[in-house]
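Here the structure of chain A is known, so what remains is to put chain B in place on it, guided by the hints.
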Amino acid sequence: MSPPRALVIWCPDWPVTAVGLDAATPGAVVSGARVEACSAAARAAGVRRGQRVRDAQRHCPELALRDRDPDAEGRLFESVAVAVSGVTPWVEVVRPGVCAIPVHGAARYHGGGACGTAADEEALRIHVQDTVVEHGFDCGAGIADGLFAAELAARAGEGGVVVPADGTPAFLAPYPVSVLDRPELAGLLTRLGIRTLGAFAALPVRDVTGRFGADEIRAHRLARGLYPRPPAPRAPLADLSVTTEFDPPAAAAEQVIFAAKTLAERLHEALAAEALTCVRLGVEVIGADGRTLARLWRHDGALSALAVAERVRWQLSSWETAPDQSGQEGGVALLRLLPDQLVADDGHQEALWGGATVSDQIARAAARVQAMLGHQAITRPHPAGGRGPGERVVRVPFGDLPPARAAEGPWPGRVPDPPPSAVHPEPLPVAVTDAAGAPVLINERMAVSAPPHQIEVAGRRLPVTAWTGPWPARERWWDPAGARRRARFQVIAGDGEAHLLVFEAGRWHVEAGYA
Amino acid sequence: MSTLSAQVTEGFPTLSRAALVPVLPVLRAVVPAGGLRPGTVTAVEGSPALALALTAGLGDRWCAVVGLPEVHVAAAAAMGGDDGGLDPARVLLVDDPGRRWADVVAALTDGCALVLTRPPDRPAPPVVRRLTALARRAGCALVVAGPWEAADLRLRVEESRWSGLGAGTGHLRGRRALVVSSGRGAAGPGRRVWLWLPGPDGSVALVKRTAEETAEETGAAATPLTVAG
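These protein sequence lines are chains A and B, in that order.
The first sequence lines up with residues 1 to 515 when you count with our numbering.
The second sequence lines up with residues 1001 to 1229 when you count with our numbering.
The following block holds chain A by itself, in its conformation from the complex (with noise of 0.2 Å):
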C-alpha cells in the first residue's frame, strides 16, 4: 500500500534563512567550528555543509557568520505556516523548514478540473509555491507519494516537480542512500556496493529483516516508496486527546507551555499503556476571544514533553504575533493535544527528563519552581569550554537538553586553577591606577603601562599588595561582530581578597573574586 500524495514546502537552507541572512549574501550559520548550512551565494563560493569555518572561509573570505538559533527557526517558520494555512487548514510542520500538506481534495478544489488529474496536481503545486514566496520566502514545493518521495521532489528541478502517481519508487530510485538520513547505514550500504535507493530497495524485505533493527527496516520501506512505518493496525478505542482549560484565561505564554508539557507527559503514559507511540501530534490552542490555531507537527520519533513544550511556544508566538488580533487581552482559555498519527512502539521512547541522575522527587521540586517562575527560571550547571571562568559553565533551564560543547581542548590564555568562588553575572566596573595616579592600561602587543597601584570598586580605593598578568584571550577574532580581545589579571587588595579584573576595550571590569 503507498501512503497517500502529500505535497511538500520546503525553504531552502532555512537555518541561514532564521538568522536574517538572505541568498545573495554570503554567509554560514556554524555550530561548533563546522559549518551547519550555508546560503546560496556561499555555496557558489565553494562552502559546504559540514566543511570546518577555516575551511569555509577559505574559500570564501568575506563569509558572515552567525550561531545557530533553532528557537528562531521555530518561530520564523510559523509565518510560512501561516500562509500555507490559507490553501489548506492541514497544514503539517515537519520541522522548521519543511511543513507538508496532503494533496488529496486540495488539488481537486485548487485546479477546478476532474478528480485528481496531474495537471490539477501541478496547478496545485505552484499555486502553494507562489503563495509562500508572495510572503517573502524563497521556497520549493513538490508532490509525491508520501512525505519522504515529497520532499526529495519539493528539492528536484528548479523549484520542485510532480512525481506522477504510481512513479514514486522510479523516482527515488536513482538518489544515493545518503540521502535516507542515517549516516551509519549508509556507509555500511555503501561498502556492500549497493548505492542508490534503487539497489537497496531491491533488496528482498525478509533478507533486511533478517540482518537490520527496526530503524533499518524504516529506511527500506521509504526506499521502496512506502510509509516508514506500517499504519496502526487498528483505531484507537479511546480518544487519547488531552486537554487543559484555563480559567481565568492565561495572560502569560510560560503558563501555557509549563501546562503543555504536563500535558504531554500524561499524554504519554495514556499512549504508553497502548503500546503505540504517536508521530504526528495536532496542538490546539483556543483563546478567551474564541480564535483558534491548531498546528500539526510531525516528528520522527515520539515528541518527548519537551519538544511538546517547544513546539507549542513557537506556536504561541505566532499567535501574539498576529495581524488580525483585536487587543491582548483575552489570553489563552483551552489547549489541547491530538496524538494525530498512532504507530505501534517498538522501542525508541525518549526519557522524559535525560539522564537517570534526577529523580522523580527532584523533578517535581524543580516543576514547583517552574510554576512559580517560568522555565528558564531554574538551571542545571553544565560544564563548558571557555577561556574565562564564567565560560566554563552553562546554565541550562531544568529539563531541557544540555548543549554539545566540548569542554575539553586547550584554552590558551586561560587562568590556571585554583578557580573563583564567586563569577559576577554583570562584571563591575573598577578603575586601576598606578603609583602616578594615572590609569593603567594595557596596549596591542599586550604590555602593561605601569605596574597597578590602586583599585577603587563601587567607592572603595585599595592598595594592590600583589599582582599578575596579563592572560590575553584573542576569542572569535574570525567573525568582525563577535571578535573580542581581553587581557585578565589576578591581583591582591589591601584587605587581602584576591580578584579577577578583565581589561577590555580600554575599560577595567572584576570578572570574580576569590574570597
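Hints listed in this document are in silico derivations from the structure and should not be mistaken for laboratory results.
Among the hints, a few may not be true.
Said to hold, decoys possible - For the chain A half of the interface with chain B, some residues (derived, Cβ under 7 Å), not all of them: (1) Ile362; (2) Val369; (3) Met372; (4) Pro416; (5) Pro419; (6) Pro420; (7) Ala422; (8) Pro463; (9) Ala466.
Said to hold, decoys possible - Covered by chain A, according to a simulated footprint, are these stretches of chain B (three or more residues, beta-carbon under 8 Å): (10) 1020-1033; (11) 1045-1051; (12) 1067-1074; (13) 1110-1117; (14) 1143-1156; (15) 1198-1204.
Cβ coordinates follow ideal geometry from the N, Cα and C atoms, glycine included.
Okay, now just chain B, sitting in the frame of chain A:
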C-alpha cells in the same frame, strides 16, 4: 514517661535522630557534629568560598543554590580534591527568586539535602519557622550566605593570606584561611582551624604549617591549632 517519649519520637523518626547532612572531613573541626543538622541554619558571612565548601561533601545528594547568581559551581566541584567535590550534575540554580524567595526555598527543601541561599531581605519570623520546619522534615540543611539572626552555627574567615602572587609574577596558588565557628551549635566558645581554602588544585585541605611559617606568622599571635578528626 521515658517510654512515652520514646514512643512519641519513634512516631516521628525525623525528630529522634535525623541523618546529618555530610560535610567534607576537613571541615569537621568547625562543624562540631560532623555534619549539618537538617532544619538548622548555618550562616556564612563574607566568604563565598567557605559557603561553597559546605556543599562540597554532599556526595550523591542534591544541592540547590537560590538567589546567588555569582556562585561558581566549578569551584565547589574542585573542593573535594581526589574524593570529588560537589557534583555539578546534582545542582539546581535559581538565580533570581524575586519575591517568591520563601516559596522557592520551601519547594527545594523537598529533595535537596542542602539549600545555599541569600534572602533578598530580612524574612519575617513566621516565614523562618515555616522554612526550618519544612527543612527538618525533609532532611535538608540551610546555609545562608550573609547575616542571619537565628543561625545555629556561624562560620567566618577571620584571617586569610594568599600565596603565589608577586609583583607581576606567578599566579594565585592557594589561600590559607583561619576559619572560626561560633553560635549555639558550635559547642563551646568557638573552634578555629587553618585551612587551605582553596589549595593549589582547588581543594580544601588542612594547613600543615612548618615551624618556619609559624615563625613568619608570629604577628598572628600564635593561634592554637585544632586537630581535625
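Does the structure break any of the earlier hints, and which numbers would those be?
Hints 8, 10, 14 are the ones this structure does not satisfy, whereas the remaining hints hold.
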